[in-house]
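Chains as they are written, first to last, in the working numbering: chain A, 7 to 493; chain B, 7 to 493; chain C, 7 to 493; chain D, 7 to 493.
You can't tell identical chains apart in this list, so a pair holds if it fits in one copy or across any two.
With a straight-line cut-off of 20 angstroms between C-alpha atoms, the simulated SDA-like cross-links for lysine to any residue are:
(1) K72 <-> G361
(2) K8 <-> E489
(3) K333 <-> S458
(4) K30 <-> K403
(5) K8 <-> E145
(6) K357 <-> Y122
(7) K416 <-> V163
(8) K403 <-> T242
(9) K30 <-> D415
(10) K357 <-> D85
(11) K11 <-> D36
(12) K403 <-> L245
(13) K416 <-> S166
(14) K333 <-> E383
(15) K403 <-> V31
(16) K403 <-> E246
(17) K333 <-> R379
(18) K416 <-> S320
(19) K416 <-> E29
(20) K477 <-> P425
(21) K333 <-> P459
(22) K21 <-> V35
(23) K11 <-> R488
By construction, these hints were calculated from the structure, which means they are not laboratory data. Since this is a predicted model, take the numbers as computed values, not measurements.
4 protein chains.
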Amino acid sequence: MKTAKEYIESLYRLKLNLYLLGEKVENWVDNPIVRPSINAVAMTYKLAHEPGNEALATTNSTLTGKEINRFNSLFKSTDDMVSKVKLQRELGQRTACCFQRCVGLDGINAVFSTSYEIDRKYGTEYHRRFIDWLKYFQENDLCIAGAMTDVKGNRGVAPSRQDDPDMFVHVSERRSDGIVIRGAKANITGVVNSHEMLIMPTLRMREGDEDYSVTCAIPTDAEGVTLIYGRQPCDTRKLEGGEIDVGNYNFGGQEALIILDNVFVPWNRVFMCGETEFAIMLVERFAAYHRQSYGGCKPGIGDVLIGAASLVASYNGVRAAAHIRDKIGEMIHLVETIHACGLACSYEGGKTMAGNYQANTLLANVCKQNVTRFPYELCRLAEDIAGGILVTAPSEKDFRHPVIGEYIDKYLKGIPDVPTETRYRILMLIHAMTKGQISPSYQTESMHGAGSPMAQRIMIERETDMDYKEKLARSLAGIDVREDVLA
Amino acid sequence: MKTAKEYIESLYRLKLNLYLLGEKVENWVDNPIVRPSINAVAMTYKLAHEPGNEALATTNSTLTGKEINRFNSLFKSTDDMVSKVKLQRELGQRTACCFQRCVGLDGINAVFSTSYEIDRKYGTEYHRRFIDWLKYFQENDLCIAGAMTDVKGNRGVAPSRQDDPDMFVHVSERRSDGIVIRGAKANITGVVNSHEMLIMPTLRMREGDEDYSVTCAIPTDAEGVTLIYGRQPCDTRKLEGGEIDVGNYNFGGQEALIILDNVFVPWNRVFMCGETEFAIMLVERFAAYHRQSYGGCKPGIGDVLIGAASLVASYNGVRAAAHIRDKIGEMIHLVETIHACGLACSYEGGKTMAGNYQANTLLANVCKQNVTRFPYELCRLAEDIAGGILVTAPSEKDFRHPVIGEYIDKYLKGIPDVPTETRYRILMLIHAMTKGQISPSYQTESMHGAGSPMAQRIMIERETDMDYKEKLARSLAGIDVREDVLA
Amino acid sequence: MKTAKEYIESLYRLKLNLYLLGEKVENWVDNPIVRPSINAVAMTYKLAHEPGNEALATTNSTLTGKEINRFNSLFKSTDDMVSKVKLQRELGQRTACCFQRCVGLDGINAVFSTSYEIDRKYGTEYHRRFIDWLKYFQENDLCIAGAMTDVKGNRGVAPSRQDDPDMFVHVSERRSDGIVIRGAKANITGVVNSHEMLIMPTLRMREGDEDYSVTCAIPTDAEGVTLIYGRQPCDTRKLEGGEIDVGNYNFGGQEALIILDNVFVPWNRVFMCGETEFAIMLVERFAAYHRQSYGGCKPGIGDVLIGAASLVASYNGVRAAAHIRDKIGEMIHLVETIHACGLACSYEGGKTMAGNYQANTLLANVCKQNVTRFPYELCRLAEDIAGGILVTAPSEKDFRHPVIGEYIDKYLKGIPDVPTETRYRILMLIHAMTKGQISPSYQTESMHGAGSPMAQRIMIERETDMDYKEKLARSLAGIDVREDVLA
Amino acid sequence: MKTAKEYIESLYRLKLNLYLLGEKVENWVDNPIVRPSINAVAMTYKLAHEPGNEALATTNSTLTGKEINRFNSLFKSTDDMVSKVKLQRELGQRTACCFQRCVGLDGINAVFSTSYEIDRKYGTEYHRRFIDWLKYFQENDLCIAGAMTDVKGNRGVAPSRQDDPDMFVHVSERRSDGIVIRGAKANITGVVNSHEMLIMPTLRMREGDEDYSVTCAIPTDAEGVTLIYGRQPCDTRKLEGGEIDVGNYNFGGQEALIILDNVFVPWNRVFMCGETEFAIMLVERFAAYHRQSYGGCKPGIGDVLIGAASLVASYNGVRAAAHIRDKIGEMIHLVETIHACGLACSYEGGKTMAGNYQANTLLANVCKQNVTRFPYELCRLAEDIAGGILVTAPSEKDFRHPVIGEYIDKYLKGIPDVPTETRYRILMLIHAMTKGQISPSYQTESMHGAGSPMAQRIMIERETDMDYKEKLARSLAGIDVREDVLA
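With the rest of the complex left out, here is chain A (with noise of 0.2 angstroms):
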């Protein structure tokens, strides 16, 4: 298993087509707005070598039996799942970001499952194809950036009607040695750090889709990708020079675009090719798997959020306040509200035809409905706590003037044994989660990843039995016939 460090030196070897604010980017790794981001997934690789966490951050190949990164993992059991949920609190509590891994992992596993039943059905040879891949994937303690977001067009129109036909990546020919795949992928979370992309249909597939139920792995830097970096609130600030203002120095978030431009794919790199009723299940499968990760992810920025807003407030001296209390405790309620969906939907997960778990459809939507809701309150407590000054603080700039920085120092002080600039730092540390660089990882991501709240909705609708419900109403109320409690 690679360290952190060997991870970071295995993305120099990258030649990526990058780009960001505008220009081509060569040296992307020591890049002062890409490298918080690659730090939060070499944490994934630190975690793995360190003591205490082991149990955490590695598992065992049922591929091949050898140790390797929960990350590259198939799921063996339910309390695999509960462990890959724990994992990710950790790391969220470590990084107070998106360490960007996860969309990989689900995505490994659902590809797992739903190329082994396709070819069940169509006598394919997609998941032995799979397996090899991921010996080799394994083998290699790589990353992988799952990548299944369109850029959609108009989204009341289905992928083949479209005006422009590539607004769902899809196959734009077929060669004797592989295809080759053409369109976009918005909002991908941690490509740029990635050594490869998994390309995975993003919506129920129907008559007319065959081109567009794709599914394979490509390099991040084939021929024919273009990596677009995504602005982030606040991104400039890491170009400034300080390490306060930006709030989370040393960690952040990322997504990108992806340009396909006819990027060809060999053969045993792909895993589903035309057959459009798999799609869903595709889709509905990782979704499942990514929105359990959202009880383990999310609580754990939002333990960074509570000990920054318990902190703010002894800084002010008012962390006794009854009614500091009560909203610092509505915050851990709320958050340890997601993880225990998140747990409860591991534990109660269940076992794929292809023999890796799943995650319990209905409460893994659940929880990530929950996650829609949530953080965002947790950002308003979280400001309502840390006051005013959050958001009009002085620059790092003017705090190290030599003239009005003195200003700042005394003026900008809450009680006396604590130095200003721990208040100032907690400040932008708070800033940076509600307002600045992290905010999409704590907010828009809890709403958009993994599906919007509308795409949990139509589950968590489709996956109760209402007809038991109904049937128990109609029992009760006597519209059937009652139960004989004596029967």
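Once you've looked at the hints, dock chains B, C and D against the given chain A.
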């Protein structure tokens, strides 16, 4: 193990001193107001014999090895606690009300582990006594009410300092063969349907409160015990001879006020007596179990309400409307969030020194905190869906009236294929759950059972590792040394 | 103007065909179940004579110039509408329930302006007839129930296309001297306490629905009218002889089902007949008035609930606890938010073509939308503060029992200086408002009165100038030309 | 009255000692970070000359009778306060941010009435001085920043007992010709764009705090004044040369830290000096005005967010989806609820002893309490509707790039007829409001401006007549004598 029939027969042998609506009730088993609550308890006996539910409803005694009803068992694993929660959901679904045995079950487990630790400190023999008593109890498959809540008088004053020394149950006399206790227990669930009651202290005791730190088991018909049946909304509808207006004809909850007017308890039934510092341990362990319990039963009751809401929407011809689907989706989401919390605190439980298992305290409190909120919103949504007729419908007697009954039948009809009576029945079931006879089981009990919201708030605050959260924030903000990813 | 006494005496002269709990009621004025609802209406007469409240409760008729009860008036200014809302709050405070006259008042104003516009288009003489009728009504200071809600049958089908043509009230025969109407009106507030009822259509009518587009006034004891009294939670407590368990002994709401079995209406009492396109105008104008009304009465009822919650907290000795103060603070906040909306839509109203004033439609709908949410939360908070004893307290008969009454008196005592009965009384008042006899007045009516939540939703969406909002956004985003500050 | 142009020109004449991002700024009027905030203020001057808006934006001076800009006026009626709120909504709609003049307006009115009452008690001449100063101010149509919030140090300690005596602004020297003040004011809105600042105390003063009880007016470029510009999220995007990524190119809010290092104030500009008991009167009157203000501006900003959300839904092709309509409906509902509160507290205001009008304190606090909640939910809903691309879109420079710009143009397109740039622009506007440059104007300022939520909570509790509410409950419960309807 007793059957439901045997259980009910056993009740006839109890000589309760019971008052209801100002009169002493002799044959309370067949009293129309009481009987539905007996039926609800009887369901816990029925399930133990029901093919397909044995795994949930029965288990092997850790004391005797014999098969027993789960409600008299000690939790021997986290899986055992999960089974408890799933059994509770099943019973909630089948009765749509409180089935009253959980307080006893949770009390048994809390007394078991607490008495062990008292003995360990003081060399007393409470634990052995308790085991002997519990064996007898399991052998005879009896039903026990947990009796914790004191009447409390002035909430701001300690038990031993109240103007009236009887506002908390206490030892009024210590004799060589036992103790005499005095006081009252309020809001006691299911006591009228129980063979015994388990007296437990209700809050933290301090120096001076020795006489108030008492735990013991007494028969419900012991000398000196008076039971006063609590009123419930619409309780006398059960005396009207109909079966629709009550909403839930077969089942109902029950609470009573217990007066203990110098009741003698032999030593072999005394499990704590004067060890003030252990009172809070008992309270908190019981509370954690019981807050877990609500993650089982309330989702079950919620399932019935969802089913009823879905039916009434169908009967009105609006089931497919987007806003109806959205509201029912929200109802499912809330119910499953509670259940997820109930499952999570069970799976994440741990072993006590005495060897039985305890639910995770933090998550159990989080579970209950959600229970103090969501059922109210579920009822609000059900009222929204049901329509105003919910509280303006004519009576069953009007519906059966030869003249106006026809008017009602004609005019309260919804869609063509559903008889008016069917619609009327489902409306009355919803009425019973939101405003009527079983609304205390779903609303007020959700609020105050197992402790009022503020009690959970305090535990949530206390059970969180805030130091660790603050440490995370300090490190990320650079107040402490930042974590080196490469280290 | 009638006094309360004269109003009640006038009721004895009505020959209602009224059914209650399956029996025809002859002396309904003194019926214990009905009487509290009469008292509530009587308060609207009492206030007109009460020193200090005349300005709220009376006004001068725009038709005759004489002083009349405000409940029979036409709004002649926005201030008049503000006075209405303040009068409603006063009455809500004094009765803690629905006082039943607002539907009539709001109906009168809506019919006044709509009949004017029909005449203007069609040259009919509805408006003049209506003025004549209203003069008579004001002269005699009568009470009228607005009767809008039809029973509706299959909600997805238009009135004229229902399987049963009577699911909406309609003209079954047109005669030279008048019309005959047929059908039923459901959930009609206060009709049993009214001298007349104002029949209005309940929804948008379309071509083919001509017979269903009918507005007219008929006496409540007209031939062919049958009234069936709606059940309320805990209604029969009023028959038990006590005065505590009912919670609100003096006052209560009332709804009934009205059967119109071929009722003749002379032309001079017909105010719309066949003008389909005006049905929705009438409905929406009425709805705006009535949604405004809830910004008056419900805050008044809320005031009582807040006062009761404050008292019970005092009696328990916890009034000063931070969390109690916070919850009561929240209750006040919610009540005042509703009232603010009620005031705002009144102040922002405008003049109709006919000359009376109309509440601001958008804000009136916003007001009502909040009413469908906040009273439920207020009840939840009140239950939180009250404690579980709210639904487990023994009955009044137990409390009066010579033996066990003493136990109850001793054990249900709170702080020393407050008698147990005092605490018990306030608990029962809260019970009546949250679960008991007047809970429909505060909860279900808040939900469905003046239209269910979705009805407001639709109006809110429609009444907003979305084009303007989009224009603002386009300009600021630079899609349209940006505004030049210096231009 | 000044035009927008004349206002901006007048700013060049100010010699501010201003720091921004660690550097002294000489030409701050043309500084790209500062300029949008100047434009927002300039809109308040523009509207005064705008045909159709004069009635809102101007009024006649009660001091001179001349037409003046409303922002420098005294409220002479409740209608005047309503006009203020409507003007604020208009300005919020036109700028989508804080236009910074309300603190001054509200401060002027609070000082006017408070100085009157001080003089009345002490025979001082603050009020006359204030009138003189205000006449000068109105004549010259100047702009004033209200400067209330002190830096506060340890929140648990009174001003005169802080370790550092400068944590609250105070009189450091009393001279025959005036006073010298010292300290700092934090989070001061618009001070850099103002000609003067109105220094006011920030909380209740007690014995010993005499030096801290000071109100006065000073020029923003007075000797001893240093201004330090507060950072805002994404502030440096304004330096990048583009105009899309900033979201709101023309307008923005502004806050600064004011250092007062021994600033001399002549007596004719001192309006309170040592009258400790009047500090809280001033604070509370100001607060009531300013909490009212938020019922105007924030709905205006909300209108823009609603418009933007509606547009982005259209551009994505999902505008007609039921859940989108429902979310936009909820947004409208929340915005109008706030505005209704703003209107209600204006209409329900009353006259002060000095003759100007004061907003209703209870309702103004209720208004602001809602403002601390709803804009956050509005932003959450807008993020839900906008989609994840909100925080992952490439930069404007990428979009303008000759090579990858084409990719972006192709792939980020929504429905066919809308150019990609249009969609991108609206996304960036939403981004600016929810996460970017103007998010402090809509979120954090909504939370903490005019006092944090707990401050409103305290006022709401205090302004309610709880005795009356308790009396109502006691009467209805029969604890006090029940009201006799016939009496």
